[in-house]
Amino acid sequence: MTIKNDSFGRFDFVGKAWLFGGISLILTIASLIYLAVNGINYGIDFKGGTEIQVKFAQSVTIEDLRKSIDDLKLGEVGVQSFGEGNEYIVRFQGRTGKTDKETNEILNSDLGKIRNVITTQFASQGPDIRRVDTVGPQVGAELKRNGVLAVFYCLLVILIYVALRFDYKFAPGAVLCLFHDAVITLAVFVAVGKEVNVAILAAIMTLIGFSLNDTIVVFDRIRETEGHYHDKGFGFVINRSINEMLVRTLITSGTTFVSAICLYIFADGTVEDIAFAMCVGIFFGTYSSIYVAAPLVLLMEKLNLKKARA
Amino acid sequence: MEGLRWRSILAALGVAAAIVWVLPNVVNFGEKAWWPSKQKLNYGLDIQGGLHLVMGVDVDGVVSESTHRLITSMKADMQKENVAVKDVKSVNPNLGEVTIDVNDAAGKAAVEKFLADKYSTVLQVMSSTDTSITTRYFDAYLNDYKNRVIQQAIETIRNRIDEFGVAEPSISQQGANRILIQLPGMEDAEKAKQLINTTAKLDFMIVSNEKSPQELQAMIAEAEKAGNYSMTTMKYSDYVTKLNADLASKLPAKSVVYFEKSANATTMEAGAIPFLLKTDTDLGGDSLDDAFVGYDQYGAPQVSLHFNSAGSNKFADLTGNNVNRQMAIVLDKVVKSAPSIRDRIAGGQAVITLGGGRDRNGMMEEAKMISTALRAGALPASLEQLEERRVGPTLGADAIDKAKLGSYVGAAIIVIFMLAYYKAMGAVASLSLGINVLALFALMTSMGFTLTLPGIAGIALTVGFAVDANVLINERIKEELRLGHGLNVAVKEGYHRAMSAIIDANVTTAATAVVLLYFGTGPVRGFAVTLLIGIVTSMFANVFVSKVIVDLLVHKFKVKKLAV
Chain C
1 MTIKNDSFGR FDFVGKAWLF GGISLILTIA SLIYLAVNGI NYGIDFKGGT
51 EIQVKFAQSV TIEDLRKSID DLKLGEVGVQ SFGEGNEYIV RFQGRTGKTD
101 KETNEILNSD LGKIRNVITT QFASQGPDIR RVDTVGPQVG AELKRNGVLA
151 VFYCLLVILI YVALRFDYKF APGAVLCLFH DAVITLAVFV AVGKEVNVAI
201 LAAIMTLIGF SLNDTIVVFD RIRETEGHYH DKGFGFVINR SINEMLVRTL
251 ITSGTTFVSA ICLYIFADGT VEDIAFAMCV GIFFGTYSSI YVAAPLVLLM
301 EKLNLKKARA
Chain L
1 MEGLRWRSIL AALGVAAAIV WVLPNVVNFG EKAWWPSKQK LNYGLDIQGG
51 LHLVMGVDVD GVVSESTHRL ITSMKADMQK ENVAVKDVKS VNPNLGEVTI
101 DVNDAAGKAA VEKFLADKYS TVLQVMSSTD TSITTRYFDA YLNDYKNRVI
151 QQAIETIRNR IDEFGVAEPS ISQQGANRIL IQLPGMEDAE KAKQLINTTA
201 KLDFMIVSNE KSPQELQAMI AEAEKAGNYS MTTMKYSDYV TKLNADLASK
251 LPAKSVVYFE KSANATTMEA GAIPFLLKTD TDLGGDSLDD AFVGYDQYGA
301 PQVSLHFNSA GSNKFADLTG NNVNRQMAIV LDKVVKSAPS IRDRIAGGQA
351 VITLGGGRDR NGMMEEAKMI STALRAGALP ASLEQLEERR VGPTLGADAI
401 DKAKLGSYVG AAIIVIFMLA YYKAMGAVAS LSLGINVLAL FALMTSMGFT
451 LTLPGIAGIA LTVGFAVDAN VLINERIKEE LRLGHGLNVA VKEGYHRAMS
501 AIIDANVTTA ATAVVLLYFG TGPVRGFAVT LLIGIVTSMF ANVFVSKVIV
551 DLLVHKFKVK KLAV
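From first to last, the protein sequence lines stand for chains C and L.
Following UniProt numbering, the numbering of the first sequence begins with 1 at its first residue and continues without gaps.
Following UniProt numbering, the numbering of the second sequence begins with 1 at its first residue and continues without gaps.
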């Protein structure tokens with residue numbers, strides 16, 4: 001038997017929920033518009049193309065490298081310096097042929113030409129081709145489709161699980177909150193100029209995973225508190241639950257955030273992207289489980305009552 | 001505490017098993033037989049470096065080619081059987097759809113009888129009018145056929161890859177018409193791609209008896225000694241080229257030496273049988289229509305060959321001129337089989353009976369191997385490179401080192417915080433976090449999963465969940481203590497009440513991980529796998545083991561105060 005306490009705690013989350021809910025709504029819509037207008041910069045995983053990462057033992061300027069590759073006239077080729085020292089990423093889309101098969105062949109032959117230039121013209125600078133990724137158009141389209149499907153089915157599974165395990169009034173809150181986090185993070189990714197590829201997709205999954213964990217834990221507490229305070233109204237229940245969970249939420253988010261930051265600072269490439277997603281995700285995931293998921297449950301509850309009264 | 005003894009034993013066993021499996025990753029047990037596990041964790045190509053290729057197989061092209069061959073042989077058969085038709089033409093070659101135009105009702109009946117007699121297992125009649133019949137392959141036949149095309153392409157690629165001696169090549173079917181090739185540590189990517197892309201070459205060659213096997217062996221040994229090389233020091237194709245160049249002056253004119261892998265040898269080098277072959281036969285894959293495993297009158301497997309019309313004449317001449325000699329089936333300079341010719345074989349159909357004295361399974365295997373080799377040369381599927389990912393060994397090593405450093409720093413910060421904030425319970429939490437990571441690597445190792453870079457991110461997320469589980473439990477214990485409960489009640493209630501949140505969170509995450517595993521490809525899967533395993537080990541370490549430790553402290557060692 002727990003001792004009942006009539007106060008909901010230190011902070012009135014629900015009272016400000018509409019304010020933050022509004023901000024979230026605006027932020028989500030703004031992100032969607034931003035993504036729609038600006039477009040998503042798909043990496044080669046999704047749109048097909050080639051990426052070559054090359055490191056030289058001796059100094060090579062980006063201009064030299066770019067000039068040698070431009071001389072091949074392979075359409076638009078991007079050269080970007082990477083990491084520290086003489087490391088570069090050469091990126092190109094490849095020209096499109098009449099059929100996918102032709103595009104593929106062009107892609108492969110262009111790849112050969114660039115590799116040839118790097119290993120012959122810069123032979124004395126000690127080139128080390130560290131990574132080559134070539135994705136043909138068919139595979140890219142398929143990866144993109146599978147990625148979108150994976151996200152969609154994930155959300156569907158979560159919707160069903162939450163509706164069954166908790167109550168259906170909890171389900172839309174959980175899913176919309178994940179959608180909110182995913183869209184805003186994607187917008188952040190695009191805004192900081194990251195290309196969207198399979199690794200970023202994995203990163204978004206990581207963020208969904210974290211945000212989901214946070215939301216479920218808060219929901220769990222709401223359900224428990226609900227049993228003790230039937231008479232106090234749902235707003236009170238939510239407020240009290242969140243307040244009681246506040247220390248846990250801050251500690252978990254804080255420690256995970258710190259370790260994600262460490263990973264972000266030290267690692268690079270794929271792991272860096274995923275760590276970045278985790279940092280953004282932990283921030284929005286924590287925020288959204290308090291200010292997005294819970295108020296949505298409240299909203300669902302109100303709609304419910306209205307329907308019951310009518 | 002109910003069952004504490006058993007729970008302690010179980011926890012200890014679990015941790016011990018984890019240590020047993022993880023240790024070979026850090027300590028080299030070498031040949032020491034007493035350590036139960038030798039397996040090491042697999043690293044993905046993105047970590048250890050290597051070549052990853054996805055090849056598209058032009059299955060439709062092969063089917064369409066086979067439809068055209070079907071038409072040719074059908075026309076020839078009809079002529080032979082005096083079935084009068086106006087025309088036989090392909091409608092939709094990808095499905096084997098063929099329309100046969102006839103003159104009248106009698107002609108139509110004759111064609112129907114002909115089809116029922118000869119093609120009843122292959123072709124189904126789709127529709128017919130007074131003057132034409134349209135047929136196509138049975139779906140089951142078509143699917144089986146497509147599947148064989150893929151298998152034969154895989155077999156051909158495997159033959160080629162064997163040349164490189166790559167430690168653990170993985171060649172597998174992906175989807176309906178793709179082949180995924182993974183070659184860890186592959187350095188010479190250009191050569192590998194080139195080899196994979198060349199189509200298989202099939203030759204029928206007559207075995208020459210101008211030199212006895214002993215003479216041949218002696219000549220090879222001499223050449224190897226003079227040039228100081230052997231099959232083990234060179235790639236097979238280079239070896240064969242060099243050997244034949246060295247022996248050119250000593251061999252009879254128009255002949256070459258190729259090798260067969262002896263039946264029970266694991267590699268070519270372990271048991272190669274030389275054959276002296278005549279090069280003047282000019283009968284190759286283009287002469288062959290199809291080859292498949294059939295059965296003789298006693299039910300023993302045999303290989304049936306169908307030659308096309310040009311090929312059947314050549315084959316008849318060749319067999320007629322070489323009765324009682326051996327004819328070698330050579331795929332990519334490797335002798336696959338060398339059956340003896342008993343008679344002149346006319347009519348374009350031949351069978352290869354397998355040597356007796358073996359069990360049926362062995363014969364079946366050989367029959368399949370020979371027919372696959374024949375088909376690979378007869379109807380080579382063209383391959384198209386769809387995806388190439390190559391990671392140099394230095395990059396992977398760099399990436400993993402940096403990720404490791406980041407994780408260590410992160411882990412250290414978490415442990416310091418846990419100890420400072422939760423004190424004694426923080427120590428338990430840190431210990432169980434350690435066991436969690438240990439168990440995760442142990443499970444990955446024992447189940448033979450591959451660790452990829454996104455997998456490392458999955459581990460990071462798992463650790464985040466595990467921290468959360470510990471925080472949830474400790475916060476609950478604090479709450480219970482605040483309510484004035486004694487330590488043992490607080491611990492019991494703390495774990496009990498935290499459990500529903502932990503389980504809910506884990507089950508939801510597991511469900512999404514399963515979805516990811518199902519829909520994801522490559523990196524997404526690597527991520528999902530570690531996430532799933534991480535959930536299991538997190539439940540074991542942070543819920544089960546940590547409870548056992550706390551229960552032991554409270555009930556066994558009668559600790560009265562535990563700083564939380």
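Derived from the structure by calculation, the hints contain no laboratory data.
Please note that the accuracy of each hint is not assured.
Which residues of chain L face chain C? A few of them, derived with a C-beta cut under 8 angstroms, are [said to hold, decoys possible]: (1) A105; (2) G299; (3) G392; (4) A403; (5) G410; (6) P454; (7) A457; (8) G464; (9) V467; (10) D468; (11) F527; (12) L531; (13) I535.
Below, a list of computed lysine to any residue pairs in the SDA-like style, where the Cα atoms sit at most 20 angstroms apart [said to hold, decoys possible]: (14) K47(C) <-> R389(L); (15) K113(C) <-> K478(L); (16) K193(L) <-> E102(C); (17) K191(L) <-> V37(C); (18) K478(L) <-> R10(C).
Ideal placement from N, C-alpha and C gives every residue a C-beta, glycine not left out.
Checked hints:
no., hint, in the structure
1, A105, "violated, 45 angstroms"
2, G299, "violated, 44 angstroms"
3, G392, "holds, 4 angstroms"
4, A403, "holds, 4 angstroms"
5, G410, "holds, 3 angstroms"
6, P454, "holds, 4 angstroms"
7, A457, "holds, 4 angstroms"
8, G464, "holds, 4 angstroms"
9, V467, "holds, 5 angstroms"
10, D468, "holds, 4 angstroms"
11, F527, "holds, 5 angstroms"
12, L531, "holds, 7 angstroms"
13, I535, "violated, 10 angstroms"
14, K47(C) <-> R389(L), "holds, 15 angstroms"
15, K113(C) <-> K478(L), "violated, 66 angstroms"
16, K193(L) <-> E102(C), "holds, 18 angstroms"
17, K191(L) <-> V37(C), "violated, 45 angstroms"
18, K478(L) <-> R10(C), "holds, 18 angstroms"
When the structure is compared with the earlier hints, violations turn up for hints 1, 2, 13, 15 and 17 and for no others.
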